[in-house]
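There are 2 protein chains.
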Amino acid sequence: MKTESTKTWWRWLIVVASALVVVLIPVPAGITRESWTLLAIFVATIVGSIVQPLTGSAMVLLGVIATALFGALKIETALGGYADKYVWLVLAAFFLSRAMIKTGLGQRIALVFVRLIGRKTLGLGYALIITDFLLASSIPSTGARSGGIILPIARSVSETYESRPDDGTAGKLGTFLMNLLYQCEVIICASFLTGQASNVIIADFIKKSAGIDLTYSVWFVSAIVPSVVSLIVIPLMIYRFYPPEIKETPNAVKFANNELKKLGATKPSEMILLAVFILIVGLWITITLHGIDATVIALFGIAVLLLTKVLEWRDLTDETHAWEVFIWYGGLVQMAKSLGDTGITKIFAESVAGYTSGWSWVFALGFLLLVYFYAHYAFASITAHVTAMLIPFLAVTLAVGAPAGLTVLLLAYFSNLSAGLTHYGTTPAPIYFGTGYVKQKNWWTIGFIASVLNILIWTFVGLLWWKILGWW
Amino acid sequence: MKTESTKTWWRWLIVVASALVVVLIPVPAGITRESWTLLAIFVATIVGSIVQPLTGSAMVLLGVIATALFGALKIETALGGYADKYVWLVLAAFFLSRAMIKTGLGQRIALVFVRLIGRKTLGLGYALIITDFLLASSIPSTGARSGGIILPIARSVSETYESRPDDGTAGKLGTFLMNLLYQCEVIICASFLTGQASNVIIADFIKKSAGIDLTYSVWFVSAIVPSVVSLIVIPLMIYRFYPPEIKETPNAVKFANNELKKLGATKPSEMILLAVFILIVGLWITITLHGIDATVIALFGIAVLLLTKVLEWRDLTDETHAWEVFIWYGGLVQMAKSLGDTGITKIFAESVAGYTSGWSWVFALGFLLLVYFYAHYAFASITAHVTAMLIPFLAVTLAVGAPAGLTVLLLAYFSNLSAGLTHYGTTPAPIYFGTGYVKQKNWWTIGFIASVLNILIWTFVGLLWWKILGWW
Chain A
20 MKTESTKTWW RWLIVVASAL VVVLIPVPAG ITRESWTLLA IFVATIVGSI
70 VQPLTGSAMV LLGVIATALF GALKIETALG GYADKYVWLV LAAFFLSRAM
120 IKTGLGQRIA LVFVRLIGRK TLGLGYALII TDFLLASSIP STGARSGGII
170 LPIARSVSET YESRPDDGTA GKLGTFLMNL LYQCEVIICA SFLTGQASNV
220 IIADFIKKSA GIDLTYSVWF VSAIVPSVVS LIVIPLMIYR FYPPEIKETP
270 NAVKFANNEL KKLGATKPSE MILLAVFILI VGLWITITLH GIDATVIALF
320 GIAVLLLTKV LEWRDLTDET HAWEVFIWYG GLVQMAKSLG DTGITKIFAE
370 SVAGYTSGWS WVFALGFLLL VYFYAHYAFA SITAHVTAML IPFLAVTLAV
420 GAPAGLTVLL LAYFSNLSAG LTHYGTTPAP IYFGTGYVKQ KNWWTIGFIA
470 SVLNILIWTF VGLLWWKILG WW
Chain B
20 MKTESTKTWW RWLIVVASAL VVVLIPVPAG ITRESWTLLA IFVATIVGSI
70 VQPLTGSAMV LLGVIATALF GALKIETALG GYADKYVWLV LAAFFLSRAM
120 IKTGLGQRIA LVFVRLIGRK TLGLGYALII TDFLLASSIP STGARSGGII
170 LPIARSVSET YESRPDDGTA GKLGTFLMNL LYQCEVIICA SFLTGQASNV
220 IIADFIKKSA GIDLTYSVWF VSAIVPSVVS LIVIPLMIYR FYPPEIKETP
270 NAVKFANNEL KKLGATKPSE MILLAVFILI VGLWITITLH GIDATVIALF
320 GIAVLLLTKV LEWRDLTDET HAWEVFIWYG GLVQMAKSLG DTGITKIFAE
370 SVAGYTSGWS WVFALGFLLL VYFYAHYAFA SITAHVTAML IPFLAVTLAV
420 GAPAGLTVLL LAYFSNLSAG LTHYGTTPAP IYFGTGYVKQ KNWWTIGFIA
470 SVLNILIWTF VGLLWWKILG WW
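Residue numbers (the numbering used here), protein chains in the order written: chain A, 20 to 491; chain B, 20 to 491.
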């Protein structure tokens, strides 16, 4: 207890020191003292959400309060992010994931795929991956997708084959499935604007820094080709080099049949949810045709679910994880926006870019992207990584002359793919790791191999695809 | 089940019909079609939160979504209320009430007062009333105050005297206490800007409609004299005409002593909370001196409670009632603001005021206030009452020439006092009524007598006091 509290004190010291360091730096010409205070608070908030003397979301709320308290922002401005439509898009999507779990539709989709293609181990893996992919098209809660829908099935099937974490039977099936599902999860995260919660913050930062609008459809269309290649290559790599002992899984089909029988006939609530789900995703993909705002579409879906009682009012207020994301995301969006308004990021990028002058943009971009990617070893969440590094890295790469269209896509996708490196890389990582099927060394080795493959695929296949699309 | 669902359908029909009626009225000159659509949605939202096909908060969220969906407001505007600083003030205050219950400080304050002056029944009542009054200085959650702190003690002491709801012993003590506490609760609600959640919306409406800023200190200073008179008169009236059989309650003191012993020495968390509580209220009352924003003060208090671990992060996200209030309050604030911007309210008031032209403002004001007050028989919450009636009534009374300072205070306080009429008048009403100690007839009779006394006190004592303060 004593050491725990001492540790916490050290963490607070680091947070406060990080703010003080900024405060002590002389304010550059053209920047106001208030803007510089905002930078100090922003830095401390980011440092705080990495070292975590309190949980990351709490650090953001404290940061928001600090901006108002120290006069860096007016309180009306500091709270501005909570009316941001993208923040509400995420909130709505979390409510949607609640419906997916509550009605059992997510589970049913997974079981249907298992029944269809789960007779072989690799097929079983793909059944779950396809489900995860479909759900990610509108559900950014990776915790809900993995913990609520995919993992329970993977685990049950593993146990059907008497593959358990602690008695030497993990290698029969469980280890393979967990490695497979997690490494594919980060690819799926990268595939949709709704792949995980901080993708909207990535899009937001990019819009504010580079003026490029990564809409739902731009994000998805750009990702789909490298994503499909990765989703084919990575599972085959794992199957080849870290194969399961059990190669055929007829029990999985039996299991799926039993579970589907238990679920019974499709309930009206599931039918409604499925219709709403298809409607939302359909409207999102066709936004350029009808022009209805993405948030309005999502909220309309929630309205339908409330009217049809698929969601009760209590489901919304009790979705505490949604409110947690709401607090940190709304706070960060506004802080980053206000910081961008001050012009500080621009000055920083210009001075750093001065060092790399003379480098070709190809070399500079490659170098900076690799640093950006492998920096994720030091981060326990995509959000922390993105908020700390994306804006300055984007500014610097643009300043050295890299094509904007190319740079923003690589940064956006790498932010997600890099989470595969460690067993703490993003929310579902500890959920999969926590099952005990995968040892850390094994996780990190596969994570590293997958990272190299992903970087190659997303760079070369990506570059080609985006050239065809005309993005650069 | 069938009838229940038929009932719900009828309610939806009423909601939709109310919107259609507005839509079918020809749009007055100078008002845009979008503004008129907003009015239709606002009316349907208010009607919906009265007839409640879904719970009131859900109706407001649906209203917000509808404004964006039907093009009455841009989504960015429709969500604007969620960045409103008063909405966040309420949110912060709810977190404060969580701390008050979690640490046991609220309970301890009540028990100390009971030990001090609880030897006689009337003193016992006052001990609880004083506690409620003190808490209301910063805790707008009437449910938390009544349900979490005051009622449990009143109930326990009643049971100590074997006064129970159902075995003919209610009249010994319980009936008296419940009547007393609830009738004083509505007076306490009227005494502070933080007395109950919709007081901030009242202040907001008044600021937007009449340009008068009912700050925390203006609200409190204006209320304190009539409030104290009411808190003396109403208990004495109940004690005189509906006396408890038991007049002395030494057991209450014994009970308080026992409970305080169980609570043990004051915990550090309680000391910190008490300090924060005093700091917040002190800073709120002295805002004119230092000028720090009320919301910043409240959020600063929450930051201190987080830093000192009096509140854990989970306490915030799990406070689902706070999030419920956040959704409805943020939605309504923006809808009412946007409606004010359209100029519709002004046109309405001018045309109604045309009918009352020739009336003296005294007569017109008195008549309108009485209608406003007793209209509460038809409302199940102060919020519904206020959102439906305050803006038009304020506009009309001002249009007939009533002094603005006087009018806004009477409307603000009457909005609270009128909740004493029924056993469903405001949140804590069903909590007290639910104990079973008070029969409906008894409740309504006392409620009516108290309403007459309160109207007389707040009109005449109020008028005099506000004249002294120079408000009119």
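Keep in mind that the hints are not guaranteed to be accurate.
Using 30 Å as the maximum straight-line C-alpha spacing, the simulated BS3-like pairs for lysine-lysine come out as follows [stated by the list, open to error]:
1) B/K121 - A/K227
2) B/K266 - A/K227
3) A/K104 - B/K226
4) B/K266 - A/K93
5) A/K356 - B/K26
6) B/K266 - A/K328
7) A/K356 - B/K356
8) B/K26 - A/K328
9) B/K121 - A/K26
10) A/K93 - B/K104
11) A/K226 - B/K104
12) A/K356 - B/K266
13) B/K226 - A/K121
14) B/K280 - B/K266
15) B/K93 - A/K286
16) A/K93 - B/K226
17) A/K93 - B/K227
18) A/K104 - B/K266
19) A/K104 - B/K93
Just a few of them, taken from the derived set where beta-carbon distance is under 8 Å, the chain B residues facing chain A [stated by the list, open to error]:
20) T74
21) S76
22) Y101
23) A102
24) Y105
25) K121
26) D232
27) S288
28) T305
29) I306
30) G310
31) T314
32) D334
33) W342
34) A418
Treat the hints as calculated values from the structure; they're not laboratory data. The C-beta atom is built at its ideal place from N, Cα and C for all residues, glycine as well.
Hints versus structure:
A distance of roughly 42 Å separates the Cα atoms of B/K121 and A/K227; the hinted pair therefore is violated under the 30 Å criterion. For the hint pairing B/K266 with A/K227, the CA-to-CA distance comes to about 70 Å; that exceeds 30 Å, so the pair is violated. For the hint linking A/K104 to B/K226, the alpha-carbon distance of about 27 Å falls within 30 Å, and the restraint holds. The straight-line distance between the Cα atoms of B/K266 and A/K93 is roughly 55 Å, outside the 30 Å bound, and the hint therefore fails.
In summary, the hint linking A/K356 to B/K26 is not supported, as the alpha carbons are separated by about 48 Å, beyond the 30 Å threshold. For the suggested pair B/K266 and A/K328, the alpha carbons sit about 51 Å apart, so the restraint of at most 30 Å is broken. Our distance criterion of 30 Å between C-alpha atoms is met by A/K356 and B/K356, whose separation comes to about 25 Å. Using a Cα cut-off of 30 Å, the hinted pair B/K26 and A/K328 holds, with the two alpha carbons roughly 15 Å apart.
Restraint check: the Cα-Cα separation between B/K121 and A/K26 comes to about 26 Å, which is no more than 30 Å; the hinted pair holds. Pair hint A/K93 plus B/K104 holds up; C-alpha atoms about 10 Å apart against a cutoff of 30 Å. As the CA atoms of A/K226 and B/K104 are separated by approximately 27 Å, the hinted pair is consistent with the 30 Å bound. Proposed proximity of A/K356 and B/K266 is contradicted: the alpha carbons are some 64 Å apart, above 30 Å.
Restraint check: the Cα-Cα separation between B/K226 and A/K121 comes to about 43 Å, which exceeds 30 Å; the hinted pair is violated. A hinted pair counts as satisfied when its Cα atoms are at most 30 Å apart, and B/K280 with B/K266 qualifies at roughly 26 Å. Proposed proximity of B/K93 and A/K286 is contradicted: the alpha carbons are some 36 Å apart, above 30 Å. A hinted pair counts as satisfied when its Cα atoms are at most 30 Å apart, and A/K93 with B/K226 qualifies at roughly 20 Å.
Annotation: proposed proximity of A/K93 to B/K227 holds, straight-line Cα distance about 21 Å (limit 30 Å). Between the alpha carbons of A/K104 and B/K266 the distance comes to roughly 59 Å, so the proposed pair goes past 30 Å and is violated. Taking the CA atoms of A/K104 and B/K93, the gap is near 10 Å; set against the 30 Å cutoff, the hint holds. About 5 Å separates the beta-carbon of B/T74 from the nearest beta-carbon of chain A, less than 8 Å, and the hint is met.
With its C-beta approaching chain A no nearer than about 6 Å, B/S76 sits inside the 8 Å limit, and its interface hint holds. The criterion of a C-beta within 8 Å of any C-beta in chain A is met by B/Y101, whose closest approach is roughly 5 Å, and the hint holds. Hint status for B/A102 relative to chain A: holds, with the closest Cβ pair at about 4 Å, below 8 Å. Residue-level restraint check for B/Y105 is violated (minimum Cβ-Cβ distance to chain A is 10 Å; threshold 8 Å).
Contact between B/K121 and chain A, as hinted, is not supported at the beta carbon level, the nearest pair being about 16 Å apart and thus beyond 8 Å. The interface hint given for B/D232 is broken, as the beta carbon of that residue sits about 15 Å from the closest beta carbon of chain A, more than 8 Å. Interface hint status for B/S288: violated, as the beta-carbon distance to the closest one in chain A is roughly 15 Å, over 8 Å. For B/T305, the suggested interface contact is broken, since its CB lies about 17 Å from the closest CB of chain A, more than 8 Å.
Taking 8 Å as the C-beta contact cut-off toward chain A, the hint placing B/I306 at the interface is violated, the least distance being around 13 Å. About 11 Å separates the beta-carbon of B/G310 from the nearest beta-carbon of chain A, more than 8 Å, and the hint is not met. Taking 8 Å as the C-beta cut-off, the interface hint given for B/T314 holds, the closest approach to chain A being about 5 Å. Nearest Cβ of chain A to the Cβ of B/D334: about 11 Å, over the 8 Å cut. The hint is violated.
At about 5 Å, the closest approach between the beta carbon of B/W342 and any beta carbon in chain A falls short of 8 Å, and the interface hint on this residue holds. The criterion of a C-beta within 8 Å of any C-beta in chain A is not met by B/A418, whose closest approach is roughly 31 Å, and the hint is violated.
Of the numbered hints listed earlier, those contradicted by the structure are 1, 2, 4, 5, 6, 12, 13, 15, 18, 24, 25, 26, 27, 28, 29, 30, 32 and 34.
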